[in-house]
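Just so you know, the protein sequences line up as chains A and B, in that order.
The first sequence begins at 0 in numbering that gives the first Met the number 0 and counts up by one.
The second sequence begins at 0 in numbering that gives the first Met the number 0 and counts up by one.
Bear in mind the hints are in silico, worked out from the structure with no lab data behind them.
Heads up, some of the hints might be wrong.
For identical chains, the list gives no copy identity; a pair is met inside one copy or between any two copies.
Claimed, not checked - Cut-off 30 Å, straight-line C-alpha distance, at most; resulting in silico cross-link-like pairs (DSSO-like, lysine-lysine):
#1 K267 x K331
#2 K207 x K331
#3 K107 x K82
#4 K161 x K207
#5 K207 x K107
#6 K267 x K98
#7 K82 x K267
Note that the structure is predicted; figures quoted are calculated from it, not measured.
The residues making up each chain are set out below.
2 protein chains.
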Amino acid sequence: MTILEQAAQAKAASYSMMNLSSSLKDDALKKMADALEHNADYILEQNEKDLAKGRESGLSDALLDRLRLTKLRISAMAEGLRKIAALPDPLGAEDYVIKRPNGLAIGKRRVPLGVIGIIYEARPNVTSDAIGLCIKSSNAMLLRGGSEAINSNIAVADTVSKAAYEAGLPEGSIQFIRDTSREGAIELMRLSGYIDVLIPRGGQALIKSVVKNATVPVIETGIGNCHTYLDDSAAPDMAREIALNAKVTRPSVCNAMETLLVHEEFAKAHLKEIADALKEHGVALRGCKRSLELAHGIEEASEEDWTCEYYDLILAVKVVNNLDEAIDHINKYGTKHSECIVTKDYEAAERFLNEVDAAVVYVNASTRFTDGEEFGFGAEIGISTQKLHARGPMGLFELTSVKYVVRGNGQIR
Amino acid sequence: MTILEQAAQAKAASYSMMNLSSSLKDDALKKMADALEHNADYILEQNEKDLAKGRESGLSDALLDRLRLTKLRISAMAEGLRKIAALPDPLGAEDYVIKRPNGLAIGKRRVPLGVIGIIYEARPNVTSDAIGLCIKSSNAMLLRGGSEAINSNIAVADTVSKAAYEAGLPEGSIQFIRDTSREGAIELMRLSGYIDVLIPRGGQALIKSVVKNATVPVIETGIGNCHTYLDDSAAPDMAREIALNAKVTRPSVCNAMETLLVHEEFAKAHLKEIADALKEHGVALRGCKRSLELAHGIEEASEEDWTCEYYDLILAVKVVNNLDEAIDHINKYGTKHSECIVTKDYEAAERFLNEVDAAVVYVNASTRFTDGEEFGFGAEIGISTQKLHARGPMGLFELTSVKYVVRGNGQIR
């Protein structure tokens with residue numbers, strides 16, 4: 000089947016998806032979970048093919064680990080689907096109904112987006128997560144995973160699709176694209192009229208390619224050049240703990256800190272100690288000239304360090320004169336993902352929250368909390384860094400649109 | 000100034016726009032209204048240049064009328080700005096604040112989008128409306144009007160900008176682009192990183208060019224191939240009045256009806272009378288084979304008639320076997336704008352509302368009500384026909400985004 004044929008099938012199925020009952024969807028999700036566990040041996044066999052190919056082509060251990068499935072990881076995928084089944088249905092309710100003077104009753108109803116396209120890389124668990132979230136939000140879908148995980152992805156997609164269709168989901172609503180060519184990806188990005196939103200999940204190169212090539216509506220996700228600003232009045236222990244947490248707990252994710260900004264007064268008193276703590280945790284520091292004078296073992300930063308998302312145990316450090324300089328730096332170099340101030344000062348906290356332009360702004364908490372589960376939304380499909388439609392962690396609600404439902408009795412204008 | 004320099008100024012100003020007080024914005028809007036009335040003679044003089052050029056180049060009377068300003072029309076523009084001032088500020092409030100088990104308080108705050116780009120055609124009143132709505136929603140803006148209205152648009156934009164800046168709006172927040180070349184428009188569509196959303200307001204060619212060329216997020220607007228379906232059980236008088244109203248009151252707008260679908264039983268009894276009423280109002284009819292047998296003076300329709308937005312006193316007519324065929328026809332040929340069923344039957348009404356995929360679905364009311372003012376939203380910036388971010392009439396609320404504001408006391412993950 001061509002990608003266009005798959006898209007047409009998804010589009011056709013999307014009309015039936017609009018009116019699925021919650022119980023049918025939840026039943027399907029549970030059966031999909033059971034099928035994953037039941038088919039674990041087959042999925043692991045297919046995963047082994049990808050791992051073998053990965054080892055041959057010299058993938059790093061970290062990438063091989065992201066690619067690897069185990070019985071435990073398959074159970075976690077199944078558990079993820081069961082958790083999605085347990086979430087409330089985001090559809091059908093009306094946000095409000097207003098009555099107009101002429102008697103028209105106008106209701107704003109939550110409806111599915113229609114067809115969601117998702118382009119992603121590496122981890123095969125995204126396949127089942129994405130299918131689960133799209134089903135729960137009554138969206139048909141076109142999924143395209145990376146070539147390195149193609150056998151695993153097909154095994155997972157086939158397993159859960161079969162279970163979903165047996166449970167009554169409209170045939171054709173789940174489309175996994177087997178063509179992993181670059182041309183195939185670009186074709187997907189240009190399916191205007193078939194795809195209602197395209198969500199790329201991956202590195203900067205993927206996001207850029209989508210923004211450049213797509214003619215369908217896109218939600219940009221996951222590019223996080225996140226900052227933590229330690230204000231003059233910050234509590235030193237809290238400042239150190241938040242900085243450490245934001246950098247070292249999982250440097251490869253988008254909500255990890257990439258640049259530490261430090262008020263000059265605070266830097267004079269505490270930068271040395273905080274830099275030492277970071278170095279103890281294996282973090283390489285690249286700092287501005289002033290930071291080099293205040294602490295040891297910092298390499299001088301270049302302009303590029305302020306724009307870079309390291310995805311690694313590397314941290315840029317900059318001493319700033321005041322809050323204004325910190326806010327300006329963040330608004331200039333940040334990617335509008337997650338930004339934090341550590342402070343005891345009320346006015347500084349409020350100004351930071353008001354003036355920093357980002358999806359999530361924090362006072363006195365690690366940027367690592369930017370996550371659908373941590374926000375209480377349940378599973379997430381990604382972190383939006385654009386302002387249109389969805390911003391920050393995207394859960395089920397962000398996979399819906401609205402429709403105005405107007406009831407009259409003969410009104411004309 | 001180049002378009003890129005204008006975009007950079009708008010972007011820089013957008014950060015100051017984020018924290019404007021409601022009273023400053025409303026004061027600016029009122030002063031802008033006064034300035035329009037005060038400068039009316041100058042604006043009319045500039046408008047006369049556009050009209051002269053239009054007459055020279057042979058613009059139709061209808062287009063010349065759309066281009067023409069009068070003292071009355073300028074007063075209406077001023078009144079429009081005063082009405083926007085009187086609307087509630089859409090910003091600053093938080094939709095909710097949730098408290099997480101770890102003590103984090105997560106608030107979802109309404110914030111501006113940032114920089115809004117608007118490409119529009121013909122009518123110079125759009126210039127002041129768009130500037131007013133962007134200011135009230137605290138967005139900086141890049142506006143590009145059509146070449147045929149360039150002198151009028153510059154006069155309006157200069158007049159209101161001067162008043163706005165005198166009232167304290169950040170310098171550079173209102174950018175009107177004087178370059179009306181096609182290359183200029185395409186440059187605007189590709190200002191990734193400067194424009195947070197681009198809204199094209201105009202005909203199908205403009206919308207298509209934007210969808211094809213834009214790399215910035217876009218909201219598609221205003222393409223309306225709207226249907227009215229007369230069900231078997233429709234009250235004949237109501238059916239006729241709604242059909243007439245939807246077609247003849249203003250055929251050039253996007254919420255006007257383009258195709259009338261008629262249940263075969265209803266058609267046998269009433270199509271002749273309804274067709275006669277439409278013809279009396281000057282409507283030319285293009286119908287399916289069955290409709291030709293049931294009424295006089297209908298020309299046979301071609302496939303193109305089902306897809307066409309006439310913008311004129313022309314109507315396509317199709318007799319259908321039942322509700323299913325009507326819904327399928329609409330979902331196949333409609334542009335997801337506004338769709339109506341006239342019926343007395345409860346189940347037919349509910350099925351139509353549930354199964355037709357459009358921004359606004361009506362039971363027993365004219366599609367002509369799809370409009371920001373008619374919905375009670377106040378002035379509108381356009382009618383979105385896409386599902387991402389905004390759907391249907393876009394008022395001030397649709398010109399906002401959100402930001403998560405997280406308050407902690409040292410939480411780490």
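- Can you name, in rising order, the numbers of the hints this structure does not satisfy? Going through the list in order, the structure violates hints 4, 6, 7 and respects the others.
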